[in-house]
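Assemble the complex: chain A is given as a structure, and chain B must be docked to it using the hints.
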Amino acid sequence: MSDKFHEESIIIKQEQIANGIYSMWLKTEQIASDVRPGQFISIYCNEGSRMLPRPISICETDKENNALRVVYRVAGKGTEEFSKYKSGNTLRIMGPLGNGFPISKKKALLIGGGIGIPPMLELAKELDCEKQIVAGYKDEIFLQEELKLNGKFYVATEDGSVGTRGNVMDAIKANGIKAEVIYACGPTPMLRAVKAFAIENEIEAWVSLEEKMACGIGACLACVCKSKDKDEHTNVKNKRICKDGPVFLAGEVEF
Amino acid sequence: MNMKVCLAGIELNNPVMTASGTFGSGEEYSEFVDLSKLGAVVTKGVANIPWSGNETPRIAETCGGMINAIGLQNPGIDVFIKRDLPFLKKYDTKIIVNVCGKTTQDYCEVVERLANEPVDMLEINISCPNVKEGGIAFGQNPCSVEAITKEVKKYAKQPIIMKLSPNVTDITETAKAAEAGGADVLSLINTLTGMKIDIHRRSFALANKTGGLSGPAVKPVAVRMVYQVAQAVKLPIIGMGGIVSAEDAIEFILAGASAVSVGTANFTNPTATLDVIEGIKAYMNRYQVANIQELIGAVK
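Each protein sequence line maps, in turn, to chains A and B.
Under the UniProt record's numbering, the first residue of the first sequence carries the number 1, and numbering increases by one thereafter.
Under the UniProt record's numbering, the first residue of the second sequence carries the number 1, and numbering increases by one thereafter.
Chain B extracted, bound-state conformation:
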């Protein structure tokens, strides 16, 4: 049975990775998960300088999901390179660094700093709904998606994944813009902007008022968007949004994703990633699928 998948020339042992922001830089979860079993670890977003993030409360549970507005708190690229990368290098997995910034220059600075580091791919976060500058501001307009993709590509030595926002009218527009800008891979979806109100306190559940909705509640939206984007562009896709089980992951793969990310489910079950991998194997056995490639985009 062959579970290997290839993204922009980078071969992953299996298609299962972590969704940025839900797995830190892997260290905390390494007590529960052998990171070498993962196709890749996608790190929490890292910026050129440390960010403090938003006020608390930063999260709230919703039916079948959660909303978060962490605000991309991160220790900055210096600490990340010095501490987190050496840790991840100990494992036989691919390292994908999620990059965030407030300006195009910020993104480019991080991408340039990582150019000669042992990193396999970079995921550019142009879709975070929880920061005032940067993030989603870049990700909702096809022209700015194309422009930032082009800029980042000038500095990048590793393949570039553009992470798309679902908070748009037509996600194929931003997908095509990223492709036109030279993106190597697309990942989708980031969270959907949501809100929860505490009726007892008569206030917003999150200090930020709005937050990004994730978890099983968003999965049908995400599968639909992966399918649409798969029809619209030639780039490989990393699908995510509410994957809890292998069945969920396989839906994304059949819709056109070459790889998948497990996010919120890590909070519900620290070994969710491993369970998804085992479940995909079981599915391939059951249906006698020799090579996972047979499943990618098989539903047209």
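So that you can see chain A by itself, here it is in the shape it has in the complex:
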């Protein structure tokens, strides 16, 4: 397990890349140097009335320059605050947090839905194997160019404006995509469909879950999910998404 750091980061670049979707590069002291794909950071608001950090997945790293990129959606007042900052502004962050995806050489299928797409970029960059990436969007697409460079890329849009009309599962079926391992991040209904698909086709599947978090480091027990077996740490059938996850073998957790 890598070390966690709590530090002041400097915004190198921020831009809106789709409607309500922002891309932000942060210069860190140490955090970016040892990130695994699928890990996340807690970003603290500068506005003091917002007490809880926002957990945001790491989209990409530039380890040489100790920088990391987050791509996030403005979902409330905290992310709205972040979206207003410009290069040179600072944000307190903690990380890298969580376990991240396990890397293997198996033929891989990376599935991202909506704001679950960003962590797939760092994963695709780190994986050294045959990669197929399926990204599902509501309408407007983002991160397409970067993802294309790192694997065979398929798109699904709900309105059918780009790629397969429908969701990621429709794109997988339409293109007859086969794999030995699945990595997925996205809305819960999508992850449920991925889990069912993986069980049906007997494919190893890793899913990244989300839940409302407070501490981000496994102390407060806010962000638990139900697990199939009794968890060693909690001594009940609950796993801590922030610490034991966010990535779980699909069969080990209920969601």
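If you are wondering where the hints come from, they were derived from the structure by calculation, not from laboratory data.
Glycine included, every Cβ here is placed at the ideal spot set by N, Cα and C.
Fair warning: there could be bad hints in the mix.
[Claimed, not checked] Computed footprint of chain A on chain B; a stretch qualifies when at least three of its residues, placed anywhere within it, have a C-beta under 8 Å from a C-beta of chain A:
#	region
1	12-23
2	50-60
[Said to hold, decoys possible] Subject to a maximum C-alpha distance of 25 Å in a straight line, what follows is the list of computed BS3-like cross-link-like pairs (lysine-lysine):
#	chain 1	residue 1	chain 2	residue 2
3	B	90	A	77
4	A	230	B	102
5	B	157	B	4
6	B	209	A	212
7	A	77	B	150
Relative to the frame of chain A, chain B by itself:
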């Protein structure tokens, strides 16, 4: 400069401790905080058997605070004694174990199990608003507060802290009841029962519908209650409720608290406890306070 404070014969290196439930059993935060610098670590509530807690979502942010309904998930006393206590013993800090239960017997069982363990004090949680049985059910009625305090004291070898609920008409009534029952120390306040509604989903923000409000939003209520209780009983008080900075902590101390707990602020800043300690030192320097005792209850 002397920052030492004494609670029921237990001397703390400084008056700053963690609020139960916000710091686990210290292990997760030990990556950021040298636990030996804290006056005490107050653990998350532990029961006689493992508890699974409530459904998610368990927390929601509110302006200047948060509401939570974790539901006292805990691994049970066996795992706590085997794993968490040995970890905490490695540090030069006092260990305060928060005890929860559904029945008086549950509380007594945990207290008895801890009697010969390396624990400095026990904090009895009779004020959790998020569990159906136990918790606040004991803490809102002065008669039951006195009764459970008496029962727990029969089994306790360590000083007993009774943690009081603010969800009462007059907190001095339950404070006096705990004193009459033989409590050694009082801690207050636990969270205030609250609710948040998600207007977009038109549903409750928490699966439990209600949750305990904590954070800076509750601080003025907490300071007022600490002051009232300090006037009403002779017991030492651990004050808490929205402490983020040393200034906040000093308000509680001036109102009558001998020690303070930092809770929700740990989520906003993992080193909040250390910042509070340093800030108190700076305040004492600035006003040439040689001994922190001079500040306790100084505002009458």
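25 Å Cα cutoff - pair residue 230 of chain A, residue 102 of chain B: Since the Cα atoms of residue 230 of chain A and residue 102 of chain B sit roughly 22 Å apart, the hinted pair holds (cutoff 25 Å).
Annotated coverage of the region 50-60 of chain B by chain A, confirmed only when three residues or more have a Cβ within 8 Å: holds (count 9)
Check of the region 12-23 of chain B against chain A for coverage (Cβ-Cβ below 8 Å, three residues minimum): holds (count 3)
Restraint status (C-alpha distance of residue 77 of chain A to residue 150 of chain B at most 25 Å): Roughly 48 Å between the alpha carbons, so the hint for residue 77 of chain A and residue 150 of chain B is violated.
Pair hint outcome, residue 157 of chain B versus residue 4 of chain B [Cα-Cα no greater than 25 Å]: Roughly 23 Å between the alpha carbons, so the hint for residue 157 of chain B and residue 4 of chain B holds.
Residue 90 of chain B paired with residue 77 of chain A [C-alpha distance capped at 25 Å]: Roughly 41 Å between the alpha carbons, so the hint for residue 90 of chain B and residue 77 of chain A is violated.
Agreement of residue 209 of chain B and residue 212 of chain A with the hint, judged by alpha carbon distance not exceeding 25 Å: holds (15 Å)
Violated hints, listed in ascending order, are 3, 7; each of the other numbered hints is respected by the structure.
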